[in-house]
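As they're listed, the protein sequences go chains A and B. Going by the working numbering, the first sequence opens with residue 1, and the numbers climb by one from there. Going by the working numbering, the second sequence opens with residue 1001, and the numbers climb by one from there.
Any given hint could be a false lead.
Derived DEER-like restraints, expressed as beta-carbon distance ranges [said to hold, decoys possible]:
id: 1; chain 1: A; residue 1: Asn93; chain 2: B; residue 2: Leu1145; range: 52 to 60 Å
id: 2; chain 1: B; residue 1: Cys1162; chain 2: A; residue 2: Ala2; range: 51 to 59 Å
id: 3; chain 1: A; residue 1: Met184; chain 2: B; residue 2: Ile1019; range: 53 to 61 Å
id: 4; chain 1: B; residue 1: Met1108; chain 2: A; residue 2: Met184; range: 38 to 46 Å
id: 5; chain 1: B; residue 1: Gln1060; chain 2: A; residue 2: Glu188; range: 36 to 44 Å
id: 6; chain 1: B; residue 1: Gln1073; chain 2: A; residue 2: Glu125; range: 53 to 61 Å
id: 7; chain 1: B; residue 1: Glu1148; chain 2: A; residue 2: Ser24; range: 46 to 54 Å
Only pairs whose alpha carbons sit at most 25 Å apart, straight line, appear in this in silico BS3-like list of lysine-lysine [claimed, not checked]:
id: 8; chain 1: B; residue 1: Lys1165; chain 2: A; residue 2: Lys240
id: 9; chain 1: A; residue 1: Lys86; chain 2: A; residue 2: Lys240
id: 10; chain 1: A; residue 1: Lys142; chain 2: A; residue 2: Lys194
id: 11; chain 1: B; residue 1: Lys1009; chain 2: A; residue 2: Lys240
id: 12; chain 1: B; residue 1: Lys1165; chain 2: B; residue 2: Lys1126
id: 13; chain 1: A; residue 1: Lys126; chain 2: A; residue 2: Lys143
id: 14; chain 1: B; residue 1: Lys1087; chain 2: B; residue 2: Lys1020
id: 15; chain 1: A; residue 1: Lys240; chain 2: B; residue 2: Lys1081
id: 16; chain 1: B; residue 1: Lys1215; chain 2: B; residue 2: Lys1081
id: 17; chain 1: B; residue 1: Lys1215; chain 2: A; residue 2: Lys240
id: 18; chain 1: B; residue 1: Lys1081; chain 2: B; residue 2: Lys1217
id: 19; chain 1: B; residue 1: Lys1081; chain 2: B; residue 2: Lys1059
id: 20; chain 1: A; residue 1: Lys76; chain 2: A; residue 2: Lys86
id: 21; chain 1: B; residue 1: Lys1020; chain 2: A; residue 2: Lys240
id: 22; chain 1: A; residue 1: Lys194; chain 2: A; residue 2: Lys28
Read the hints as simulated data drawn from the structure, not as lab findings. Backbone N, C-alpha and C fix where the C-beta goes; we use that ideal spot for every residue, glycine too.
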Amino acid sequence: MANKIIAKDLNLYYGAHHALKNISMDIKENCVTGLIGPSGCGKSTFLKTLNRMNDTVPGVKVEGTVLLDGEEVYQKAVDVTQLRKKVGMVFQNPNPFPMSIYDNVAYGLRIHGIKKRIVVDEIVEKSLRGAAIWDEVKDRLKKPALSLSGGQQQRLCIARTLAVQPDVILMDEPTSALDPISTMKIEELMSELKKDYTVVIVTHNMQQAARISDYTAFFLLGELVEYGETSQIFSMPQDKRTEDYITGRFG
Amino acid sequence: MNARNSFDKELEKLHMDLIKMGSMAEEAIEQSVHAFSLRDNALAKEIMEGDHQIDDMEKQIEAGCLSLILRQQPVAGDLRKITCALKMITDLERIADNAADIAELSLMIRGEHIREMMRHIPPMAKNSVEMVHHSIDAFVRSDLLLAEQVISQDDTVDALFCKVKDELGEILRRDRDSSDDAIDFLMIAKYLERIADHAVNICEWVLFSETGIHKNKRIM
Chain A
1 MANKIIAKDL
11 NLYYGAHHAL
21 KNISMDIKEN
31 CVTGLIGPSG
41 CGKSTFLKTL
51 NRMNDTVPGV
61 KVEGTVLLDG
71 EEVYQKAVDV
81 TQLRKKVGMV
91 FQNPNPFPMS
101 IYDNVAYGLR
111 IHGIKKRIVV
121 DEIVEKSLRG
131 AAIWDEVKDR
141 LKKPALSLSG
151 GQQQRLCIAR
161 TLAVQPDVIL
171 MDEPTSALDP
181 ISTMKIEELM
191 SELKKDYTVV
201 IVTHNMQQAA
211 RISDYTAFFL
221 LGELVEYGET
231 SQIFSMPQDK
241 RTEDYITGRF
251 G
Chain B
1001 MNARNSFDKE
1011 LEKLHMDLIK
1021 MGSMAEEAIE
1031 QSVHAFSLRD
1041 NALAKEIMEG
1051 DHQIDDMEKQ
1061 IEAGCLSLIL
1071 RQQPVAGDLR
1081 KITCALKMIT
1091 DLERIADNAA
1101 DIAELSLMIR
1111 GEHIREMMRH
1121 IPPMAKNSVE
1131 MVHHSIDAFV
1141 RSDLLLAEQV
1151 ISQDDTVDAL
1161 FCKVKDELGE
1171 ILRRDRDSSD
1181 DAIDFLMIAK
1191 YLERIADHAV
1201 NICEWVLFSE
1211 TGIHKNKRIM
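One chain only, chain B, in its complex shape:
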């Protein structure tokens, strides 16, 4: 007889909650990119207003994890899962925050002539969204290979971010009147770059959860 039915049920609930929070964060970033690309102000406002739901979800999962630690004193795989959950929710919450930041900027952003020249922001957005999507998939399926791929993909986003900076530098040198708008675009690119970093963090915790190794180091 399995003596730990209720603990297993609670771990299962934690897993489902993380999937739910993951898909909420994923949807927020997808939609914010959408709102920015299509200049959809209604959608941008919706994302900003919805951010608190992800904050609430983070608090709820955090409380659940602390309660499990308190009552079950988990070890081994259980402890790694709960640690992974506690760390992941911070990154998911930040992804959603950055998505709301992008949505807010997309409401006020002007400089359509700059947008034309920013060839590297769309592929950045595409890569970052894809990385978040795959990081959640890697978690759901405990897919270590996919987690590694997401971590490698970060280099692509970083390289694109450098190109965006170069493009904006060029614009600023040529057209000083556009500096305010250029900074807004830079902020958006920076948020996308940070979102990719959070996806990497999630994957590193997924790897830890399965292998006990975090960034090539045993941390417990």
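Pulled out of the complex, with its shape left as it was, chain A reads as follows:
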């Protein structure tokens, strides 16, 4: 499997706080990569470096390299909007816009200048299908997105991400606010999505990481302690700190 993203000697500071310490990690294309670790370990920070969501944080300083398809993400010339189109993101709490289901998905397209009705219709349907929510909303596309359940809203947000045809989807605890059935639907969806996209997910749910990710990275105090195949990490971790964390001895 080819490397989609390569982070090399990545350091990130929030003011004086050294939040990521020399992270080097290759993220495989068309795989789900799970990032785990206790709160404050740097996993969400790392996720956000991949599409420069940290840029907006005051006092942030990034050193090192993040390559997406071999191109440096932190080059000055990089158009951050284009980058975020290519590397989409889904957050912990579903955050649909206060507009219709249809408009939520079409929003990104319009921003990027796609306005032709027939094209937009087609992409909206394809995205909603891709996010496994089409059958539930196809008869009420004009209804407010906020009328959907939490799980449906989260899948709508995934559809909104898919609409702009990203390569990579970042997910920051996408199911932590959802009930078990909605969680299962999102997890099922992830195994479908990885056929066409590269998925990186932060999760606090150890079983979820074991279920859905192909590769797992364990972060602790800003360091990448261990990274490898999920089956290896959860059966025979090499570092005692990984073992202690995944077996619930701390964190």
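Use these hints to put chain B onto chain A, whose structure you have.
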């Protein structure tokens, strides 16, 4: 603070239960060899009657392991330990079964003239008992070196079993009237050979529990 006190206590209890079942199986095989060698019928009957205790122990440990899997969803070292326990108890139960089989045969075995000629059964018994003993020790102490030694020792038992077969073949060729007795001796030798195999299995699971590798392969 360790957030998993109760889980650790349950794992500790599992470990103690396995040691207990191990020593029960070990005692059964030692005593059955004793009953066979000394023709001690009372002891043989005692072993046969005691076998159900080991069966009960197997069921109890099995239920405990399944409950831990259900409630704790173990991973890494915890999962390997519980897997090892689930596999080990099958071998321990079989060792005890084979010990009871030997005890049963020793009650009915005749052919004292054959016994005289079976020079290789006593060393077979000695090796098999020793392998069971060491396999339990390897588990208790997580002693990987000892586990490897037990696995190697199996070749000795297999070689002795071949010699026993040769000896019995010779007896059958010379004395057809002794065939029933000869078969009983062969069965005893076969049980001893199987017991050694179960000791090997236990050691392979001990190695897996510590290294994640089973028979030179990563299985999880």
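The hints, checked one at a time:
Between Asn93 (chain A) and Leu1145 (chain B) the beta carbons are some 54 Å apart, a value that agrees with the proposed interval 52 to 60 Å. Between Cys1162 (chain B) and Ala2 (chain A) the beta carbon distance is about 55 Å. The supplied range of 51 to 59 Å therefore holds. For the pair Met184 (chain A) and Ile1019 (chain B), the supplied restraint of 53 to 61 Å is violated, since their beta-carbon distance comes to about 40 Å. Look at Met1108 (chain B) against Met184 (chain A): about 60 Å separates their beta carbons, and that is not inside 38 to 46 Å.
Between Gln1060 (chain B) and Glu188 (chain A), the C-beta spacing of about 38 Å keeps the proposed range 36 to 44 Å intact. Taking 53 to 61 Å as the suggested C-beta distance range, the pair Gln1073 (chain B) and Glu125 (chain A) does not conform, at roughly 39 Å. Glu1148 (chain B) and Ser24 (chain A) have their C-beta atoms about 37 Å apart, which leaves the hinted 46 to 54 Å range violated. The suggested pairing of Lys1165 (chain B) with Lys240 (chain A) is violated, with an alpha-carbon distance near 50 Å, which exceeds 25 Å.
For the proposed pair Lys86 (chain A) and Lys240 (chain A), the alpha carbon gap of about 37 Å is over 25 Å, so the pair is violated. Our distance criterion of 25 Å between C-alpha atoms is broken by Lys142 (chain A) and Lys194 (chain A), whose separation comes to about 29 Å. This hinted pair checks out: Lys1009 (chain B) and Lys240 (chain A) have alpha carbons roughly 20 Å apart, not beyond 25 Å. Between Lys1165 (chain B) and Lys1126 (chain B) the CA atoms are separated by roughly 17 Å; this keeps the pair inside 25 Å, and the hint holds.
Of the supplied pair hints, the one linking Lys126 (chain A) and Lys143 (chain A) holds, its CA atoms being roughly 18 Å apart against a limit of 25 Å. Annotation: proposed proximity of Lys1087 (chain B) to Lys1020 (chain B) holds, straight-line Cα distance about 16 Å (limit 25 Å). With a C-alpha separation of about 16 Å, the suggested pairing of Lys240 (chain A) with Lys1081 (chain B) holds against the 25 Å cut-off. Straight-line distance between C-alpha atoms of Lys1215 (chain B) and Lys1081 (chain B) comes to about 16 Å, which keeps the hinted pair within the 25 Å bound.
A hinted pair counts as satisfied when its Cα atoms are at most 25 Å apart, and Lys1215 (chain B) with Lys240 (chain A) qualifies at roughly 24 Å. Proximity of Lys1081 (chain B) to Lys1217 (chain B) is assessed by CA-CA distance (about 17 Å); at most 25 Å being required, the pair is judged to hold. With a C-alpha separation of about 17 Å, the suggested pair Lys1081 (chain B) and Lys1059 (chain B) falls inside the 25 Å cut-off, and the hint holds. Using a Cα cut-off of 25 Å, the hinted pair Lys76 (chain A) and Lys86 (chain A) holds, with the two alpha carbons roughly 17 Å apart.
A hinted pair counts as satisfied when its Cα atoms are at most 25 Å apart, and Lys1020 (chain B) with Lys240 (chain A) does not qualify at roughly 29 Å. With a CA separation close to 11 Å, the supplied pair Lys194 (chain A) and Lys28 (chain A) stays within the 25 Å bound.
Of the numbered hints stated above, those contradicted by the structure are hints 3, 4, 6, 7, 8, 9, 10, 21, listed in ascending order.
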